[in-house]
Amino acid sequence: MLAGEIAAARGRYESAVAHLERAVRYEDALVYTEPAEWHYPPRLALGAILLKAGRPDEAETVYWEDLKRNRDNGWALFGLQQALIAQKKEAEAKVIEARFKKAWEHADITLTASRFGR
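Start counting the sequence shown at 22; every next residue gets the next number (this note's numbering).
You may find that some hints are simply not true.
With beta-carbon atoms standing in for the labels, derived distance ranges [stated by the list, open to error]: (1) Arg46 <-> Ala119: 11 to 21 Å; (2) Ile130 <-> Pro56: 19 to 29 Å; (3) Val52 <-> Glu86: 14 to 24 Å; (4) Glu35 <-> Ala107: 14 to 24 Å; (5) Arg92 <-> Tyr61: 11 to 21 Å; (6) Pro56 <-> Lys115: 28 to 38 Å; (7) Thr82 <-> Tyr61: 26 to 36 Å; (8) Tyr53 <-> Arg31: 32 to 42 Å; (9) Glu111 <-> Pro56: 37 to 47 Å.
Pairs of lysine to any residue, SDA-like flavour, derived with a Cα cap of 20 Å [claimed, not checked]: (10) Lys115 <-> Trp125; (11) Lys109 <-> Trp125; (12) Lys115 <-> Phe137; (13) Lys110 <-> Trp85; (14) Lys73 <-> Ala57; (15) Lys73 <-> Leu23; (16) Lys89 <-> Glu48; (17) Lys89 <-> Arg120; (18) Lys73 <-> Ser36; (19) Lys89 <-> Ala57; (20) Lys123 <-> Asn91; (21) Lys89 <-> Ser36; (22) Lys89 <-> Thr131; (23) Lys73 <-> Ile27; (24) Lys123 <-> Asp78; (25) Lys123 <-> Gln108; (26) Lys73 <-> Glu55; (27) Lys89 <-> Glu118; (28) Lys110 <-> Leu88; (29) Lys73 <-> Ala24; (30) Lys89 <-> Trp125; (31) Lys109 <-> Gly75; (32) Lys73 <-> Thr54.
Read the hints as simulated data drawn from the structure, not as lab findings.
If you're wondering where the values come from, they're calculated on a predicted model, not measured in any experiment.
We put the beta carbon where it would ideally sit given N, CA and C, even for glycine.
Please put together the full structure from these sequences, using the hints given.
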């Protein structure tokens, strides 16, 4: 995960995506526990990096997968909306925007990406 974030910060998006895809596979293989063993979701970081890399179609797939696992996750909904807008899927983006607003209505921060940080 850290290697992916460092690669992304350096503009090495292909390397970042590879590292974050590996982090997603590792997270998916973790045994379910409460509290979770890993608190920072690599799938959301992967989606954000795919958007930065100009790959919104792949980011869309990543966000839909996260939403299958974490229904109405505001972070994933925000990223999905960005991915849809980048693909000019305006009608779908409006539907997701409404879901995001509902999921995020009591939040005390404004999102700029689907992951915390930049």
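Given pair status - asparagine 91, lysine 123, alpha carbons within 20 Å = Within the cut-off at roughly 15 Å; holds.
Would the pair lysine 73 and threonine 54 pass a check requiring their Cα atoms to be no farther apart than 20 Å?
-> 32 Å, violated
Between lysine 73 and leucine 23, does the CA-CA distance stay at or below 20 Å?
-> Roughly 17 Å separates the two Cα atoms, so the pair holds.
Using the Cβ atoms, figure out if isoleucine 130 sits within 19 to 29 Å of proline 56.
-> 21 Å, holds
Honestly, do glutamate 111 and proline 56 meet the 37 to 47 Å range at C-beta?
-> Given a distance of about 39 Å, which is inside 37 to 47 Å, the answer is holds.
Hinted pair lysine 89 and alanine 57, Cα distance within 20 Å = 17 Å, holds
Is the straight-line distance between the alpha-carbon of lysine 89 and that of glutamate 118 20 Å or less?
-> 17 Å, holds
Note whether the CB distance of arginine 46 and alanine 119 lies within 11 to 21 Å or breaks it.
-> 32 Å, violated
How does the Cβ-Cβ distance of threonine 82 and tyrosine 61 compare with 26 to 36 Å: does it lie in that range?
-> Cβ of threonine 82 to Cβ of tyrosine 61: about 20 Å, so the range 26 to 36 Å is violated.
Keeping to a limit of 20 Å between CA atoms, is the pair of lysine 115 and phenylalanine 137 held or broken?
-> 23 Å, violated
Between lysine 110 and leucine 88, does the CA-CA distance stay at or below 20 Å?
-> Holds. Lysine 110 to leucine 88 sits at ~18 Å (cutoff 20 Å).
Lysine 123 and glutamine 108: Cα distance at most 20 Å?
-> 23 Å, violated
When the structure is compared with the earlier hints, violations turn up for hints 1, 7, 11, 12, 14, 21, 22, 24, 25, 26, 32 and for no others.
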